[in-house]
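Visitor: Chain B: place on chain A using the hints.
Residue numbers (this note's numbering), protein chains in the order written: chain A, 1 to 814; chain B, 1 to 210.
Derived by calculation from the structure, the hints in this document are not laboratory data. Please note: incorrect hints may appear among the correct ones.
Taking CB as the label site, the calculated pair distances span [stated by the list, open to error]: (1) A:THR47 <-> B:TRP66: 38 to 44 Å; (2) B:ASP129 <-> A:ARG383: 40 to 46 Å; (3) B:GLU173 <-> A:VAL277: 51 to 57 Å; (4) A:LYS34 <-> B:LYS128: 46 to 52 Å; (5) B:GLY159 <-> A:ARG383: 36 to 42 Å; (6) B:THR14 <-> A:LYS34: 26 to 32 Å; (7) A:VAL679 <-> B:GLY80: 33 to 39 Å; (8) B:SER161 <-> A:GLN314: 24 to 30 Å; (9) B:GLY159 <-> A:ARG11: 35 to 41 Å; (10) A:LYS589 <-> B:ARG62: 37 to 43 Å.
Mimicking DSSO-like on lysine-lysine, the simulated pairs with C-alpha atoms at most 27 Å apart in a straight line are [said to hold, decoys possible]: (11) B:LYS8 <-> A:LYS62; (12) A:LYS86 <-> B:LYS8; (13) A:LYS68 <-> B:LYS8; (14) A:LYS150 <-> A:LYS589; (15) A:LYS85 <-> A:LYS146; (16) A:LYS85 <-> A:LYS62; (17) B:LYS163 <-> A:LYS589.
No experiment lies behind these values; they were computed from the predicted model shown. By construction, the Cβ of each residue, glycine as well, lies at the ideal position given by its N, Cα and C atoms.
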Amino acid sequence: MTSSNNERHSRGIGVFLCQCGERIAPMLDLSRLKSLLDNSSSIDFVTILPFPCMTPGLTVIKEAVAQKGLDRIVVAGCESRVMLKKFERELYEEGLEQGQIDMVNLRDHVAGVFQGRPEELADKAAKLIKASVAGLTALKTSPKVKVGIKGPVMIVGGGAATYSAAQELLRQEIDTLIAVASDDIEDEIRMLHESYPGERDYHDRLREIMREVDESPYVKKISEGEPEKVLGRFGDYSVAFSSQNGGAPRVYQCGAVIAALDGEMLNQGSDFGHDGVRVVCHTEMEEQLWVHGVPEGRVVFWINDLESDQPWAQLSARTAWNLARYIRERTVRVRVSILYNTKMPLPLSAMERTQAGDLEIDWISYDSKIRPTVQAGYITYTRPVDQIEVELAWDKLVLSPRRSPGHEAVRLGKLLGLSVNGHQFLEKGRPLVRPEQVGQDEKFLAGSARRPCDLRDTLRQGRRVAKKVMELIETSQSGGLYAPRIVCTVDRSKCIGCGLCREICECGGIEPVEGPGGNIPREVDPMVCTGGGTCAAACPYHALSLQNNTTEQREARVSELVQCLAEDEVMGFGCNWGGGAAADHAGLKHLAYNPRFYLLPVGCIGQLDPIVMGRAFRDGANGLLVIGCPPEQCHHSYGLDHAWSRVNLVKKLLSLCGIERERIALAHADLNNPEQYVVTVESFMAMMDRLGPIERTDQVKEKLRGAYDTLRNSRVRWVLGAGLRRPYEQTYPADQRHALAFDETLSDVVAEEFIRSRVMALLRESGQVMDLEGITRVLEESNKQVVLNSLKELAQEGLISRIFKDRTPFYAMR
Amino acid sequence: MNEKAKNKEVINFTINGRSVQAERGWTVLDTARQYGFHIPTLCYHEAVSPSGACRLCVVEAREGKWSKVVISCMYPPYEGVEILTDSPRVQNVRRWILELLLAECPASKEIRELAAEYGVNSTRFEIKDPNEQCMLCGLCVRVCDEIVGVRALSFGSRGTSKKVTTPYMVPSEACVACGCCVAVCPTGAMKSRLDQVRGDLAERIGHAHG
Numbered sequence: 001m002t003s004s005n006n007e008r009h010s011r012g013i014g015v016f017l018c019q020c021g022e023r024i025a026p027m028l029d030l031s032r033l034k035s036l037l038d039n040s041s042s043i044d045f046v047t048i049l050p051f052p053c054m055t056p057g058l059t060v061i062k063e064a065v066a067q068k069g070l071d072r073i074v075v076a077g078c079e080s081r082v083m084l085k086k087f088e089r090e091l092y093e094e095g096l097e098q099g100q101i102d103m104v105n106l107r108d109h110v111a112g113v114f115q116g117r118p119e120e121l122a123d124k125a126a127k128l129i130k131a132s133v134a135g136l137t138a139l140k141t142s143p144k145v146k147v148g149i150k151g152p153v154m155i156v157g158g159g160a161a162t163y164s165a166a167q168e169l170l171r172q173e174i175d176t177l178i179a180v181a182s183d184d185i186e187d188e189i190r191m192l193h194e195s196y197p198g199e200r201d202y203h204d205r206l207r208e209i210m211r212e213v214d215e216s217p218y219v220k221k222i223s224e225g226e227p228e229k230v231l232g233r234f235g236d237y238s239v240a241f242s243s244q245n246g247g248a249p250r251v252y253q254c255g256a257v258i259a260a261l262d263g264e265m266l267n268q269g270s271d272f273g274h275d276g277v278r279v280v281c282h283t284e285m286e287e288q289l290w291v292h293g294v295p296e297g298r299v300v301f302w303i304n305d306l307e308s309d310q311p312w313a314q315l316s317a318r319t320a321w322n323l324a325r326y327i328r329e330r331t332v333r334v335r336v337s338i339l340y341n342t343k344m345p346l347p348l349s350a351m352e353r354t355q356a357g358d359l360e361i362d363w364i365s366y367d368s369k370i371r372p373t374v375q376a377g378y379i380t381y382t383r384p385v386d387q388i389e390v391e392l393a394w395d396k397l398v399l400s401p402r403r404s405p406g407h408e409a410v411r412l413g414k415l416l417g418l419s420v421n422g423h424q425f426l427e428k429g430r431p432l433v434r435p436e437q438v439g440q441d442e443k444f445l446a447g448s449a450r451r452p453c454d455l456r457d458t459l460r461q462g463r464r465v466a467k468k469v470m471e472l473i474e475t476s477q478s479g480g481l482y483a484p485r486i487v488c489t490v491d492r493s494k495c496i497g498c499g500l501c502r503e504i505c506e507c508g509g510i511e512p513v514e515g516p517g518g519n520i521p522r523e524v525d526p527m528v529c530t531g532g533g534t535c536a537a538a539c540p541y542h543a544l545s546l547q548n549n550t551t552e553q554r555e556a557r558v559s560e561l562v563q564c565l566a567e568d569e570v571m572g573f574g575c576n577w578g579g580g581a582a583a584d585h586a587g588l589k590h591l592a593y594n595p596r597f598y599l600l601p602v603g604c605i606g607q608l609d610p611i612v613m614g615r616a617f618r619d620g621a622n623g624l625l626v627i628g629c630p631p632e633q634c635h636h637s638y639g640l641d642h643a644w645s646r647v648n649l650v651k652k653l654l655s656l657c658g659i660e661r662e663r664i665a666l667a668h669a670d671l672n673n674p675e676q677y678v679v680t681v682e683s684f685m686a687m688m689d690r691l692g693p694i695e696r697t698d699q700v701k702e703k704l705r706g707a708y709d710t711l712r713n714s715r716v717r718w719v720l721g722a723g724l725r726r727p728y729e730q731t732y733p734a735d736q737r738h739a740l741a742f743d744e745t746l747s748d749v750v751a752e753e754f755i756r757s758r759v760m761a762l763l764r765e766s767g768q769v770m771d772l773e774g775i776t777r778v779l780e781e782s783n784k785q786v787v788l789n790s791l792k793e794l795a796q797e798g799l800i801s802r803i804f805k806d807r808t809p810f811y812a813m814r
Numbered sequence: 001m002n003e004k005a006k007n008k009e010v011i012n013f014t015i016n017g018r019s020v021q022a023e024r025g026w027t028v029l030d031t032a033r034q035y036g037f038h039i040p041t042l043c044y045h046e047a048v049s050p051s052g053a054c055r056l057c058v059v060e061a062r063e064g065k066w067s068k069v070v071i072s073c074m075y076p077p078y079e080g081v082e083i084l085t086d087s088p089r090v091q092n093v094r095r096w097i098l099e100l101l102l103a104e105c106p107a108s109k110e111i112r113e114l115a116a117e118y119g120v121n122s123t124r125f126e127i128k129d130p131n132e133q134c135m136l137c138g139l140c141v142r143v144c145d146e147i148v149g150v151r152a153l154s155f156g157s158r159g160t161s162k163k164v165t166t167p168y169m170v171p172s173e174a175c176v177a178c179g180c181c182v183a184v185c186p187t188g189a190m191k192s193r194l195d196q197v198r199g200d201l202a203e204r205i206g207h208a209h210g
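Next up, chain A with everything else stripped away, as it sits in the complex:
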C-alpha cells in the first residue's frame, strides 16, 4: 500500500482535538483522550486546541503538518458538513486534499448527547477517532487528474440560441462548430415563427447576430445530417453526423458540446374548434399574416392555456399581444380582442396598457368557473362583473399553441445524456447531489426545449451557456481544472464489461470505453460522476471503486471500531444527508440517548458495500443499524433503495449462520427531525439488549467468515445486482424487489455460495486432504447432499482437486 501521490515524501497521521470553547472540553476529558491516542502506533501527532477552526488553531495545524510531515489528519470537533470545507480550503496549500482530512464529531455525537463521566466520554471518543484513523491509514491517495478541453466548441440542435452562443464564443476567438438547418440566414429566419411566433420585431437584431456569426472565421457551419452518436468524455468528445446519401457518418472532434434546442408548437385539438383555416394557432396566424396579409373582419385571440392544461399562459398572452399589435398597426379596419382567464395576471406594463387603449385592442377577461364555448361566429363566456353570459363575434379565432420540447430535441437530449423523462421539458430532473455540482452541468443547454420561453430569453440563455463554457476553457488553459477527488474509477484489468454499474448509475458518468456496449471495459467520466458510489458497492468483480473513499477504508474503519467495542456496545452507519445529519442535530439540541451506540459516517448509504456489513459481523459486531434518508428522498437517487437490498442480503446470511436476522436493520432519519432519530436508536438498542451478544463459538465464527466471503462472491453480487432499483423505475416493479420468486432465487444462490465459501475456506485454511464425512463434520452441516454438490462443482471448475482413495473421493486445495 504505497501512496501513489509521492510528491511529499512523508507519511503521518495527525489528530487535532478541539475544546470548542466549553462545548466539548468540560464534558469530555480531553487530556485523557490525548493520552489514549498517544499510545496508538498509527497516530504520529496529537494535540489539543481551543479552536482548531479559527485562525490561531489553523496556524498550529499548518505548522504541525509541515513540521511533522503529516499527509492525513483527523480533526475531532464538530460536524463535517459545515466545517470540513474550511479545513480543506485552508490546508490545500499544505498539500492536504479532499479525502485526506477526516472529521469526528465529538461535540454532537459524544459531548452533547451523553451524560457520562468525562473519562467515559473520552473512552468513547477514542474509539471513534481510532476508527477514523484506521480508515485514513487505508486511504490510497489518487493522483491529481488535470482535465483539459481539446478542440473547438460544438453547438448542436439548430436552435436560435446557436447564434447568440456562437457570437459570444467568436468574440473571445474560440473556434466553434455550429450545426444548423440551413446555410441561408433568411431561410432560418423564415422558419423561426414555428418556435417563436409573434416575435418579428426581434428578427432584425437576430439577423445582425447571424451575420456576425456567418462572417466570422472562427465559426464553421455543419448544415447536413443530424447528430447520431456522441462519444468520449468531458473535454474530448467526438460527435458523429449522419450522411444524407447513406454514406459513412462524418465525425467531428470537439471539447465541449452546447445543445441549442427549440421546442415545438403543436396545434390545439378539435375540442377547441381548431380547423387550421378560421380557428388557428399562433404559428398559423403568423404564417397567414406573412402570406396573405392582414385578414378582414374581427379577430379574437383566446388565451386558452389554462383550459388545455398548459401552464404557459403568460407567454401565450405576450405572443397574442404582439400579433394583435402587428395587425392593428397595419389596419384599423380589423377589430382585435384578446380573451383571457381572470385567474391569469395581465402581462402588460403600464405603457403597454396605454398602447392597448390607443390601438383599441380589447383585453376581455372571463370568469374561470365556466369554460368559454366556441360557436359559429361567436364565442360565449361569462362576464366576471355581473355573471352574465355574453357573446363575442369572430371571423378569425386564434388559440394558444400546445408547447412541447419536440421529438428531435428529446432525441438529441438523450443522445447528450441530459436527463430526459418522457416528453418533459429538458430542464427538469436534475438529481439532488453534491453541492459543488450545482450549476456545473457539463453538457450545456439553451432554448425553448429547455423550458418554454421567448426569443429574447433563448438568446440570453445561449450567451449564458457560452460564458460558462468559456470559463471552463479558461480554467483548463490556465491549468487549474482538476477532476473531483471523490469519484468512481474503474480498474480495467478487473472489469469484464457486464454493464451493471451503467444500469444502476444515476448520474450517467459511466460509459463504455468504446463502441455501443458488449464486453468492453467501462470508464468513468470524473466530471460527471456525483460520487454516490452505489455502483462501486454493486460491482460483482470489485473493479469499480470510489477513489479516496473506498470500501477498503470503510472496512478498515469498521474493523477497528468493532474490535474496540465492548460486548453491549452497538455500531451504526449514518449517511451524510439523513442519519448522520440527524445525529448532528440531535447533538446540537442536546437530546440525550444511549451512550453505547457508535455512529460511523458514510457519504451516501448506498456507498455501503455489503462486504462492509459482513466485515462488521465477522470482526465482532453484535448488531448494525444502517440509517439513511427518509424513503424516496435519497440524495443520490437510489442509494437508499440499494441499501435496502443489501441489508436484506446480509439478513439472509445471518440466518444461514444461525444468528437473529434483526441484528441488522435499515432505518430512515430526516435531518430536521432529530427526536425521531433518538427514538430509532433507543429502540434498536433496546432490541439489542434483549438479544444480547452473539455467542461466538468456533462454529459461529467460521460461519461468519463464510458469510463475509459469500458477500465478496461475484455470483451473489450479480444476482443481488439484478434486483437493485434502476433509475428509470418509478418504484420497485413487482418482478423485482417484491417478487417472491426473485427473492427465493437469491436465497438459493446465497445458500449455495455460502456452503462453497465455507468449504473453500476450510480446505484452504486446514491445508488437509478431507473426505465428505470429514468436511460435513467440521462444518457441522446436516445436509450432506448440499455439501457434496458444491464439492463436485468446485472440483469441476478446477478450484479444488479431487483424489480417489479406495473409491472414496478426497478433496484438497489445489
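Guide: Quick look at chain B alone, frame taken from chain A:
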C-alpha cells in the same frame, strides 16, 4: 517557537488585564478564544466570514482614558490596546442588544435563555410578531453561499419587512437539503423553515419520473 513563528509579526496587547499576543490577521475574538476568554456570539460562525450583524460580541477597547465599544469578531487588535470583555460598559451594551433581540425574535428559546443569563427577562421595545424566531443575522445565508455554494437562501424584501427566504419565496430548486442552515442557526428559526426551503424532496429529487 520555531524560526518561522519568530519571524511573524506579533502584536502585544491585553485582554482583561492579561497580556496576550496575536499575529497579524487575527481578530480580537480569535485571540480571546485562543487564551480562553469567553465572549458570547450569535451571528459568528467559524466556517464563514464574519459579518458583525448581531453586535453581541462587543468588547471595550481602551487606550488610556479613551475607550470605545467594538465588535470583537471583526476588530483587529493593535499594539498596546486594552480589551475588556466584560466591563460594566460592555455588559450594559450587551443587555441593550439582548433586549432588542427579545423584541425582534421573542419566540426563540435560545435568545430567551441567553438574555436570562444577562438578567434580561423582558423588553421595553415593541414586539412586532410574538411568533418570530429569526433575528435576521444572515448566518444561514452566508453558510448557504460560502460553504454549500448554492445560494438557495437569501434575504427577501427590504427594511422592516426584510426576511430570510428563498428567491421568489417558493421552495428552491438550488437547495440540496444539506441542513447546514439548520445546524448553524443560533436562534432555532431555520428548523421550522427548512421545509419551506427544500420543498417536497421526493418530488424534487425526481422520483416522480415519467
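Visitor: Hint says 33 to 39 Å; check whether the CB-CB distance for A:VAL679 and B:GLY80 agrees.
Guide: Since the Cβ atoms of A:VAL679 and B:GLY80 sit about 56 Å apart, the hinted range of 33 to 39 Å is violated.
Visitor: Hint check: A:LYS86 vs B:LYS8, CA-CA at most 27 Å. Holds or violated?
Guide: It holds: about 23 Å lies between the C-alpha atoms, which stays within 27 Å.
Visitor: Using the Cβ atoms, figure out if B:GLU173 sits within 51 to 57 Å of A:VAL277.
Guide: violated (42 Å)
Visitor: Within 38 to 44 Å: is that where the Cβ-Cβ distance between A:THR47 and B:TRP66 falls?
Guide: This hint holds: roughly 39 Å between Cβ atoms.
Visitor: Indicate whether the distance between the beta carbons of B:GLY159 and A:ARG383 respects the range 36 to 42 Å.
Guide: Given a distance of about 41 Å, which is inside 36 to 42 Å, the answer is holds.
Visitor: Is B:LYS163 within 27 Å of A:LYS589, Cα to Cα?
Guide: holds (24 Å)
Visitor: Is the Cα-Cα distance between A:LYS85 and A:LYS62 27 Å or less?
Guide: Given that 27 Å is the threshold and the Cα spacing comes to 16 Å, the pair holds.
Visitor: Quick check: does the Cβ-Cβ distance between B:SER161 and A:GLN314 fall within 24 to 30 Å?
Guide: holds (26 Å)
Visitor: Do the alpha carbons of B:LYS8 and A:LYS62 lie within 27 Å of each other, as the hint requires?
Guide: Holds, because 14 Å separates the two Cα atoms, which is no more than 27 Å.
Visitor: If I claimed the Cβ atoms of B:THR14 and A:LYS34 lie 26 to 32 Å apart, would that claim hold in this structure?
Guide: At roughly 30 Å between Cβ atoms, A:LYS34 and B:THR14 fall inside 26 to 32 Å, so the hint holds.
Visitor: I want to verify a distance hint. Is the separation of the beta carbons of A:LYS34 and B:LYS128 within 46 to 52 Å?
Guide: holds (49 Å)
Visitor: Keeping to a limit of 27 Å between CA atoms, is the pair of A:LYS68 and B:LYS8 held or broken?
Guide: holds (20 Å)
This entry does not satisfy hints 3, 7, 9 and 14, going by the numbered hints stated previously.
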